[in-house]
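Protein chains: 4
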Amino acid sequence: MTTALKAPPLGPILDDIVRSHRPQREAGSVPANIPFLGAVPFDRFGIAVATASGEVFSSGDAEVPFSIQSISKVFTLAMALQGDRSGSLWSRVLREPSGTSFNSLVQLEVEHGIPRNPFINAGALVVTDHLMKETPDAATRLLRFLATQAASTGAYIDEAAAAGELAGSSRNLALAHFLKDFGNLQQTAESVVENYVRQCSIMMTCVELARAGLFLARNGQGTHGTVVSASEAKRIGSIMLTCGMYDAAGEFAYRVGLPGKSGVGGGILVIVPGVCAICVWSPRLDAKGNSLAGTAALADLSDLTGWSVF
Amino acid sequence: MTTALKAPPLGPILDDIVRSHRPQREAGSVPANIPFLGAVPFDRFGIAVATASGEVFSSGDAEVPFSIQSISKVFTLAMALQGDRSGSLWSRVLREPSGTSFNSLVQLEVEHGIPRNPFINAGALVVTDHLMKETPDAATRLLRFLATQAASTGAYIDEAAAAGELAGSSRNLALAHFLKDFGNLQQTAESVVENYVRQCSIMMTCVELARAGLFLARNGQGTHGTVVSASEAKRIGSIMLTCGMYDAAGEFAYRVGLPGKSGVGGGILVIVPGVCAICVWSPRLDAKGNSLAGTAALADLSDLTGWSVF
Amino acid sequence: MTTALKAPPLGPILDDIVRSHRPQREAGSVPANIPFLGAVPFDRFGIAVATASGEVFSSGDAEVPFSIQSISKVFTLAMALQGDRSGSLWSRVLREPSGTSFNSLVQLEVEHGIPRNPFINAGALVVTDHLMKETPDAATRLLRFLATQAASTGAYIDEAAAAGELAGSSRNLALAHFLKDFGNLQQTAESVVENYVRQCSIMMTCVELARAGLFLARNGQGTHGTVVSASEAKRIGSIMLTCGMYDAAGEFAYRVGLPGKSGVGGGILVIVPGVCAICVWSPRLDAKGNSLAGTAALADLSDLTGWSVF
Amino acid sequence: MTTALKAPPLGPILDDIVRSHRPQREAGSVPANIPFLGAVPFDRFGIAVATASGEVFSSGDAEVPFSIQSISKVFTLAMALQGDRSGSLWSRVLREPSGTSFNSLVQLEVEHGIPRNPFINAGALVVTDHLMKETPDAATRLLRFLATQAASTGAYIDEAAAAGELAGSSRNLALAHFLKDFGNLQQTAESVVENYVRQCSIMMTCVELARAGLFLARNGQGTHGTVVSASEAKRIGSIMLTCGMYDAAGEFAYRVGLPGKSGVGGGILVIVPGVCAICVWSPRLDAKGNSLAGTAALADLSDLTGWSVF
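Residue numbers (my numbering), protein chains in the order written: chain D, 1 to 310; chain C, 1 to 310; chain L, 1 to 310; chain H, 1 to 310.
A few of these clues could be false.
As the list claims (entries may be wrong) - Computed cross-link-like contacts, DMTMM-like style, restricted to lysine to aspartate or glutamate with a CA-CA straight-line distance of at most 20 Å:
(1) H:K288 <-> C:E109
(2) D:K133 <-> D:E190
(3) C:K288 <-> D:E111
(4) H:K288 <-> L:E111
(5) H:K133 <-> H:E190
(6) C:K288 <-> C:E251
(7) D:K288 <-> D:E251
(8) D:K288 <-> C:E111
(9) L:K133 <-> L:D84
(10) D:K133 <-> D:D84
(11) L:K288 <-> D:E109
(12) C:K288 <-> H:E109
(13) D:K288 <-> L:E109
(14) L:K288 <-> H:E111
(15) C:K133 <-> C:E190
Stated by the list, open to error - Listed next, with one range per pair, are the computed distances between beta-carbon atoms:
(16) H:H112 <-> L:R25: 28 to 38 Å
(17) L:S152 <-> D:E134: 54 to 64 Å
(18) C:G274 <-> D:D15: 24 to 34 Å
(19) C:G38 <-> D:H224: 51 to 61 Å
(20) L:T135 <-> D:N33: 27 to 37 Å
(21) H:D84 <-> L:T135: 51 to 61 Å
(22) H:H112 <-> D:D15: 57 to 67 Å
(23) C:G38 <-> L:E190: 47 to 57 Å
(24) L:Q82 <-> H:D84: 42 to 52 Å
(25) L:E55 <-> D:N33: 49 to 59 Å
(26) C:D16 <-> L:E26: 55 to 65 Å
(27) L:R25 <-> H:Q186: 33 to 43 Å
(28) D:R25 <-> L:S91: 31 to 41 Å
To be verified - Listed next, the stretches of chain H that the computed footprint assigns to chain L, with coverage defined by at least 3 CB atoms under 8 Å from CB atoms of chain L:
(29) 227 to 237
(30) 241 to 247
These are computed hints drawn from the structure, not numbers from a lab.
Positions of the beta carbon are idealized from the N, C-alpha and C atoms, including for glycine.
Throw the hints in and build the complete structure from the sequences for me.
Structure, rendered in structure tokens:
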């Protein structure tokens, strides 16, 4: 159980975390299919904590923009649930952990085109397709949403990076056409993948992302009022905990004990319900695709603060 | 975030839960391969809450013994971790959600005999094998452990039921021999399955199970001192949340938001960290093998009390 | 063992076959994703035998053009092997049966983008990609090849049908993008699928197809000289026998005992090594996608003539 | 097409084959789970051809007994078909290639306990179970059958080897219990596996096996009359061609072009319909579990004699 935040000396703690976890030498990997991510210096490390009471603490490269990649999936899911009074999204995507990453296409085939959850790529494509019904340029809509929540105009879509990433998106195109074959995509496969890649190519800083995710720690209440209902906020948290870290969701729940969502840009967004939103960033990845230094830092932070949902 | 337990009128709430959820007509299914479970009247429904402060509230058939089945896996895991200073158990079983139930044998084959988590049958067989190294009669050891934690001598192994269940254990024998083939079983396949089935055939009441599980809500502190460390208690909770409800773990986390473990006898054990342990029981199951009325009751209880880890 | 063709009264036998097997009522199915195929009257039935000595026997609707669909794969494979002195095709596609049809994408994922054989769709896409290196319009090249071998100018690409089929080609596009992701496609996914669909949309008659396939029964010797070497002809036959009938290859080998290749247009091309090539056509399909009446007719013909490789 | 046997100088050809293919140095592997097979000297190589006209040619270690292992499956299948007037065997096992060996348990799970063909282990266990209905000691019945067909009393069950192999039969026990779980096994899992292993442990020479298999080349006519009908003989041949060489059936059909069945003891039985039965033996295996030198020798022999069904 998370203990209340009794004025912990968060500033010094974050400085310590940066000192301990900023990579001293090149370790971990970068995504083979997204070349520009490999160009980020390996020793980048930033962390920011936005508290429910409105404060922001940060340390390291917390003001350096990075590619949010799959962290975008948390926000597109929230946006899709906002406009989904009838719950129709949940007839198109499940809320179950996906098991081994090996299963990506296997699972889709066995379960007839219904992705296991909104955070695997197939599920995120369905969410994007869902958003595009109302707003064809779903990526720009997401950018505005993030700017509003982060109370910052700094975020932007790196269109050149998106174009580069799109050129290496054969697997996502395969998934999209496969979803189409099962009747679970309404827009064209190409347009959905393009929007999806542009969402992933949004550039933000740790401070901005921590702020943008704060509504999930405050029962759905964002910077300017309700983003999602309290119960939807809880539910997004449960999906983050069970599905947010690719095939290491169980390991992350075990070590950190908090709902999180990682991206292959090296960022991880973590929610401490009722307390704060945390964003950590360091570009090199472990074998499961999660930030190597970021994951270790979060385990440490959880131990130091006692933050855990268990 | 779980709010503190401000003297909620738990007695009346549980009575209401029983009134609303006790099955009025036959619905749901019983396990085809364990005939005696089908003989339990469909309208049985009990609930008990054991609080961290030592109180026990209950309603309905909370004092009627039922077959704990897979709920036993929570306790064998705790026992295995007690004696596993070196962490050797975690080289034999993972801590990740298992994806589709369809994957049971597929997963084992793809991942070379390492079960995805300790709560799928293959994983529980490995845990039992681990316990048998020290105590060949692991089932009797489990019974003593449960009696101590529940502060009750009522629990017993239904040996006749176990013998019947053993006769229909072909799939578990297949799993055990398969684990053996991968070198991940030290005892004979037959002896491990026999112990496993006898553990599942333990008969307990809701009140006893809620009491027995209380250490998981109290940082590992049981009736007579430390059962597991605070960090192990948290970790068992994280495994329950991500893997405790068969292939409906995500759905349960989404609806109830609490770590839980179900059994095909119709029981579900749920932990509210820092607050209480809950046991609900009703014998008829949904398509995923979880108690139909029990799951609905827990969703209601979570809404009424605000208990949730998210 | 095939007995030599001792002037069997082939004409009357084929007439009998047509009388026995022409569908009297609507049974079987048509492919859901290729609408125009469903418009063909269910009672069409034709058969033609082109003998090694140069005679052609036929009966029923043997002169009615139909959509050759996957029968095209036999000929694109032959064309690819013609120009493949170095054997480079076989580093991109295997020669093994594919097991369950369920495996289509599973197999590709597990075996890292190398299709099991040239007759499953993924394999045929690789063969088409291979041909396109030299001839971007591989479909037109195939059409010319078939016209030459059949000594007929009747064959044509039904471009309207191809366009319609292309619109429903999401699964083939998924396969092509997936192959691309594994680096096993050189042309664009879209261009390969377009060529593939146009190859499938070639319209030919039973008589033309039997003639066109005759080189496979004559050690590779076609109408105007060598098409493939004797050893390549034998090898194509072995691939037809083990992989030619979708997931019913074993059943077909068991019932008919001859190398065959079917298409969802209802045609089946069969080779009797040293003796003849047979083409049968009837549009309605069994559950595995092979012509219902055509398969039954071939089993009968094999019994009546003693033709079998076993 | 197989050409008639025009007094080819078979003796000298076989001597050449032995000279070319007898291993000069240790290469290939031995089965990890059957230790005694590894003790056979790597340079053993024998070959025998039993012709339809009654002659036997042989060379090399053709009179040295070896463990027939899975070659036994051809003969148990023939025995099961003998007594299976109603075709009930084919409701319990399919006749389709099995795809990747990886699929062994996957396939069984996906297809609800019906093995893909009688030559994968699961299928052979079903065949053995089928035989045991009439003859509990199916292995001894097989031995008598083989002795009769081979016209030799030399064959014997190596009971010590069988006992050793049984101790390492966890995977077969897993398969048997899994079949039992699906209701596709009538005897106990243990007794079926024991019989199966004893069948595999029969010791025979190349000469004996070639003679024993001759009925398959002679339309089902064995040493003392009809063994199976002509049509059953053809059908067993078709199953050998499509499923006889583990996951290399397609490759073998492509290179050799004849129905064959291999065993991990290093033997391969091949049928030339109408002409002869061939047995080659050399103990070291390729990556697919087929005799390394044996497969190469058969490809050579097929080229030298023109024997091929295509």
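field: Hint check, failures only
entry: none
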